[in-house]
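Chains as they are written, first to last, in the UniProt record's numbering: chain A, 1 to 983; chain B, 1 to 212.
One or more hints might be untrue.
As the list claims (entries may be wrong) - Below, in silico cross-link-like pairs of lysine to any residue (SDA-like), each with a Cα-Cα straight-line distance of 25 Å or less: (1) A:LYS44 x A:GLN338; (2) B:LYS176 x A:ARG975; (3) B:LYS78 x B:GLU136; (4) A:LYS720 x B:GLN120; (5) A:LYS865 x A:GLY884; (6) B:LYS157 x A:ASN951; (7) A:LYS479 x A:GLU27; (8) A:LYS374 x A:GLU361; (9) B:LYS157 x A:VAL963; (10) A:LYS976 x B:PHE166; (11) B:LYS176 x A:TRP982; (12) A:LYS44 x B:PHE76; (13) A:LYS695 x A:LEU874; (14) A:LYS918 x A:GLY845; (15) B:LYS46 x A:TRP79; (16) A:LYS881 x A:ILE846; (17) A:LYS44 x A:GLU232; (18) A:LYS865 x A:GLU688; (19) A:LYS172 x A:VAL256; (20) B:LYS78 x A:ARG80; (21) A:LYS285 x A:HIS45; (22) B:LYS157 x A:LEU946; (23) A:LYS941 x B:PRO159; (24) B:LYS157 x A:GLY449.
Unchecked claim - Here chain B is said to cover these stretches of chain A; the calculated rule only asks that three of the stretch's residues, wherever they fall, bring their Cβ under 8 Å from a Cβ of chain B: (25) 826-835; (26) 888-899; (27) 956-962.
As the list claims (entries may be wrong) - Only some residues are given here: those of chain A computed to face chain B with a beta carbon under 8 Å: (28) SER24; (29) HIS81; (30) PRO85; (31) PHE125; (32) ALA965.
Simulated from the structure, these hints should not be mistaken for laboratory data.
Backbone N, C-alpha and C fix where the C-beta goes; we use that ideal spot for every residue, glycine too.
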Amino acid sequence: MAMAIKLSLILLLCLSSLLAPSFSLFEDQVGLMDWHQRYIGKVKHAVFHTQKAGRKRVLVSTEENVIASLDLRRGEIFWRHVLGPNDVVDKIDIALGKYVITLSSEGSILRAWNLPDGQMVWESFLSGSKYSKALLTVPSNLKVDLDSPIFVYSGGCLHAISSIDGEYLWKKDFAIESSVDVHQLILSGGSDVVHAVGVTDSSQFDTYEIDVKNGGLLKHTSASFPGGVYGEILPVSGDRFVVLDASRSVVLLITVNNGATHLQQTHVSDLIHGSSENTVILPSKLSGIFSLRTDSCIVFVKVTDEGKLNVMEKVDKTVVVSDALALSEGEQAFALVQQGDSKIELSVRLVHDMSSNHLKETVKMDHERGFVHKIFINNYVRTDRSHGFRALIVMEDHSLLLLQQGEIVWTRDDGLASVIDVTTSELPVEKIGVSVAKVEHSLFEWLKGHMLKLKGTLMLATPDEVAAIQQIRLQSSQKNKMTRDHNGFRKLLILLTRAGKLYALHTGNGRVVWSTLLQSLRTTSQQQCAGLKLRQWQVPHHHALDNNPSVLVVGRCGLSLTSPSALSIVDAYTGKELQNLGPAEHSTVQVITLPFRDSTEQQLHLLIDADKRAHLYPTTPEAASIFQRESENVYWYSVESEAGILRGYGVKKTHSSEYSFEARNLWSIVFPAESEKIIATVTRKPNEVVHTQAKVIADEDVMYKYISKNMVFVATVSPKASGPIGSATPDESVLVVYLIDTVTGRILHRMTHLGSQGPVHAVLSENWVVYHYFNLRAHRYEMSVIEIYDQSRAENKDVLKLIVGKHNLTTPVSSYSRPEVTTKSQSYFFTHSVKAISVSSTAKGITSKHLLIGTIGDQVLALDKRFVDPRRSLNPTQAEKEEGLLPLTDALPIIPQSYVTHAFKVEGLRGIETIPAKLESTSLVFAYGVDLFYTRIAPSKTYDSLTEDFNYALLLLTIVALVIAIFVTWVLSERKDLQDKWR
Amino acid sequence: MAVLQRSKPNSPTLLLLLAQLCFLSCSSLAIASRDGSGYTINGRVKIPGFGAKGFGLPVKANNAKVLLNGGQQVTFLKPDGYFSFHNVPAGTHLIEVDVIGYLFSPVRVDVSARNPGKVQAALTETRRGLNELVLEPLREEQYYEIREPFNIMSIVKSPMGLMIGFMVVVVFLMPKLVENMDPEEIRKAQEEMRNQGVPSLANLMPGGARSN
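Go ahead and model the full structure; you've got the sequences and the hints to work with.
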């Protein structure tokens, strides 16, 4: 009976959330509980635009395929475009002083963007005959009215394109005559000839002179060099080029003179005395000078007019060299950055006078930013007509800094554009109580604020007052405090980025609390390291309250799956690396958080290596003994997508060493390779809480959810349909979905969608899975839901049996028992493509759920789970209506007010993370991609707390009014009584 | 709306080219030409209510994107709203338009291999065929709730207003009602109440009736 009451209460609660979108926001509430941060990613190329007076800007292209125009004064984004995932930017430049030209997709797409507002002006598609390097040459001395062409070398062809409207002028196909690979395009100022320099079969140098007007070949010279070449040809001066030979030990100087090509060889060891391993020519183009980097140093070599090579200077190999910057009177300058301890030294030199530094500045640098990776320089003319320089530097953690006059003018933490994994941490508990005086002091302010708010709700406020209200709202919410709050809204979001840096962001306003460049994940010249996973390591609750919580970072040092892993444990409050366990001897392909903790509340983790061996962490005897005790109940599975095999594992009794264990294969499911290919596997979130197993349906009946933590959803498609949409016909594409128990390998449910294909995005929660796929027959996206119910408990409905105790409710849910399950499913159309799906999660799992769908437009849509309920029917009965069941529609509704990101976009959306707050009604949502977005949602409205804009003043006013009314009526009735008595 | 197809120099044959031009001139269907290994799809996005002549893009649409097959190719709009996808293989494709503030229906586009230049397009949401690839939003999207302007009803309707209203009713109207009632009737009602006793929670619960 008690349960029935509880159930009906929950039912009531669900009912209470009305159909209207429960996530909806007034425009003036933006920023109250959400924040949005815009990033661009690690900068690859930068072009300055500082010629004219007015807004000075820098145009950048990044590794996240973003092109952006940044304010050079403050580093803010003027405009930004995120190109498609396959549309990698090759080159960026400015043409005509008003267009930004980008070359992307291996040189096949050339676009021009309007410099002030970022509107695309024209787009040209360049088709080539073979793959080649992409080169872009934009004439620099363009007058606005003069239409000089832009030259692009891509796909083995040289294209000339009008810079005004993108018109195709001519094309010269090099691949027809020979297999030349062009390395450089040179357009000497004022002349009508474009020079192309390349290599044929890596043994012959070719130079072409091509007419700018019509693409006609004017001159072709070649010289063969049987030794072969390594890397790129670099121009030194108008007719001189340098390149390394195939053995990387000889520098070749090529001189083109009157149609004859002359080669001259110089050994690297003659230039650099000592070791000269891994020599490369740096791509910085400096007139008359080139730079060589070896394992030990960088040397600058001057090429004299007679063709002699003179070493000018030797610097440390960690020095980063910028491209040359043309100053006035044909002078050139370039910058060098020398890495020091917690500072960097920037020096600018003039090419013609290498002996002394033109400018030398020392800038203090946070060592958490790592090494300098790239530098771009720009000059400005000071009031005394001398040259000043500003430098844009890209650091190891992908941050972007502008240096000027020895100061950091601004920084951008663009590492946050490439978040790999997210976890959260609680903030410290507030220790000192709030003093009474402070409260009294702010009482008046508080009341004033509420009076203002009252005015606001009554629409009586003036614009000034509205601004004041907004200010009060942002300040008063105490959301930025560094302590734990009662509702659990204030937390630390810990983010692991691709650069190997760990950031902690406060959920209140998204500020960076600390950031750490993990030493174990730093990429060195020997190996490339990358982070993989981020897990909570220690969450102190009862025993180890003095300890700070900590997180475990698992990374990999090397590119292959068998590379050794790097582990480190980081304090979540300070960001200090507590323990560096790497590089471990084993590799890591899977990280399993076990549901066990040791006495210091460290979570036990199992790392599975490429040889299917399990490694236990922490490596303490206590953890080992806990694991030994529980090892019979530890199972995991692996997905081999290529082979189409799903395997389940357990731990072997015999172990190879104290902390590493052999796996035994328990089961495997082999999908037929000719008809099924695995495209998606999804499992339940390990920390998900389910409140009740029973579900009361309309006719006072109870259904029991099949709730198992060991359930995995697998989707396969026919191999022909594994490509993008449009590559397969409906007849040859079949989508099959499975629900599989990961302990026994039992297939709980299998369903076939004929004429459908991927990509499949799915979310598994409680007893249901919702997945999104493409229906080729209807040519629309569809979303399907499968709910799985435990049939073996269905007889427990009889109340008499419950009272007598003849029920099996106390038997635990186990994968060993093979209960009968039934499933219900339904499909609906969905308008948009989807990038990610997630589900809201709350502390106790009582609140109804919302699906969070990341759409192709980089927005996050909250969709009530009741829209994807397989029990929906066309004409629901009265009882079903009362239950809150919606009538069936063929498509899922898209209500604009239920976008949790409202008018923002999370560009390049990759994932949506939900975190339960302490308040049952509320779930925290964090969406990440190139941008970051955080908000909190209440799927059933905030039934357990007053909303933030609850009007206390109105309540007070009502109470006062009531009290006055009581007095008035009391006085009135007294008077009436008196009159009655006198009568 | 005639869409001029700039002929690419490497088009397979002149004949094909002529056929395309002929086709394009006699039908205004915007669309596919062969270049290299695939076809080109040209189209246009039109957002009504902006610009004097009903075209031109609003400032808002500056960040408009057009996506082919769920993001396989992404392109942007030219100032006049035109877009094109290059190198698209023959087959049935899906084009989506992403402009913040507007909802666009995805468009099904069939590029025929046998019949170069022939393209069929249909909105997938409304199943409406398109004569030319001009995409218009289904509706504008309003992401925020609109605050009701101040009126007396909203105050009355709020919980506090209802409380005050109820109090007014109880204080001023109830005594009048009671006065007007027949004393006999009042007594009867009171007796009835006494007989019924306290209503129990169990009676209200579903399933409670059965267990009783």
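Evaluated hints:
Annotation: proposed proximity of A:LYS44 to A:GLN338 holds, straight-line Cα distance about 20 Å (limit 25 Å). With a C-alpha separation of about 18 Å, the suggested pair B:LYS176 and A:ARG975 falls inside the 25 Å cut-off, and the hint holds. A distance of roughly 16 Å separates the Cα atoms of B:LYS78 and B:GLU136; the hinted pair therefore holds under the 25 Å criterion. Between A:LYS720 and B:GLN120, the direct Cα distance comes to roughly 24 Å. Compliance with the 25 Å bound is thereby established for this hinted pair.
A C-alpha spacing of about 12 Å is found between A:LYS865 and A:GLY884, which places the hinted pair at or below 25 Å, so the restraint holds. Using a Cα cut-off of 25 Å, the hinted pair B:LYS157 and A:ASN951 holds, with the two alpha carbons roughly 15 Å apart. Restraint check for A:LYS479 and A:GLU27: satisfied, since their Cα atoms lie roughly 20 Å apart, inside the 25 Å limit. A threshold of 25 Å between alpha carbons decides the hint, and for A:LYS374 with A:GLU361 the separation of about 17 Å falls inside it, so the pair holds.
Note on B:LYS157 and A:VAL963: the hinted pairing holds, with a Cα-Cα distance of about 21 Å set against a maximum of 25 Å. Taken as a hint, the A:LYS976 and B:PHE166 pair is honoured in the structure, with Cα atoms around 23 Å apart against an allowance of 25 Å. Our distance criterion of 25 Å between C-alpha atoms is met by B:LYS176 and A:TRP982, whose separation comes to about 22 Å. For the hint pairing A:LYS44 with B:PHE76, the CA-to-CA distance comes to about 22 Å; that is within 25 Å, so the pair holds.
Of the supplied pair hints, the one linking A:LYS695 and A:LEU874 holds, its CA atoms being roughly 21 Å apart against a limit of 25 Å. Among the hinted pairs, A:LYS918 with A:GLY845 is consistent with the structure: their alpha-carbon atoms are about 11 Å apart, no more than 25 Å. About 22 Å separates the Cα atoms of B:LYS46 and A:TRP79, which keeps this hinted pair within 25 Å; it holds. A distance of roughly 21 Å separates the Cα atoms of A:LYS881 and A:ILE846; the hinted pair therefore holds under the 25 Å criterion.
Straight-line distance between C-alpha atoms of A:LYS44 and A:GLU232 comes to about 19 Å, which keeps the hinted pair within the 25 Å bound. With a C-alpha separation of about 16 Å, the suggested pair A:LYS865 and A:GLU688 falls inside the 25 Å cut-off, and the hint holds. Of the supplied pair hints, the one linking A:LYS172 and A:VAL256 holds, its CA atoms being roughly 22 Å apart against a limit of 25 Å. At most 25 Å may separate the alpha-carbon atoms for a hinted pair to count; B:LYS78 and A:ARG80 meet this at roughly 16 Å.
Among the hinted pairs, A:LYS285 with A:HIS45 is consistent with the structure: their alpha-carbon atoms are about 15 Å apart, no more than 25 Å. Annotation: proposed proximity of B:LYS157 to A:LEU946 holds, straight-line Cα distance about 18 Å (limit 25 Å). Of the pairs offered as hints, the one joining A:LYS941 and B:PRO159 holds, with about 17 Å between alpha carbons and a cut-off of 25 Å not exceeded. Annotation: proposed proximity of B:LYS157 to A:GLY449 holds, straight-line Cα distance about 24 Å (limit 25 Å).
Coverage of the stretch 826-835 of chain A by chain B holds [criterion: at least 3 residues with CB-CB distance below 8 Å; count 4]. Three residues within the 8 Å Cβ limit are the bar, and the stretch 888-899 of chain A against chain B gives 5, so the coverage statement holds. Interface restraint, the stretch 956-962 of chain A with chain B: holds (4 residues with C-beta to C-beta distance below 8 Å; minimum three). Among the interface hints, the one on A:SER24 holds; its C-beta lies about 5 Å from the nearest C-beta in chain B, closer than the 8 Å criterion.
For A:HIS81, the interface hint holds, since its Cβ comes within 8 Å of a Cβ in chain B; the closest pair sits about 7 Å apart. Among the interface hints, the one on A:PRO85 holds; its C-beta lies about 7 Å from the nearest C-beta in chain B, closer than the 8 Å criterion. With 8 Å as the threshold, the beta carbon of A:PHE125 comes within range of chain B, its nearest partner Cβ sitting at about 4 Å, so the hint holds. A distance limit of 8 Å between C-beta atoms decides the matter here; for A:ALA965 the minimum to chain B is near 7 Å, and the interface restraint holds.
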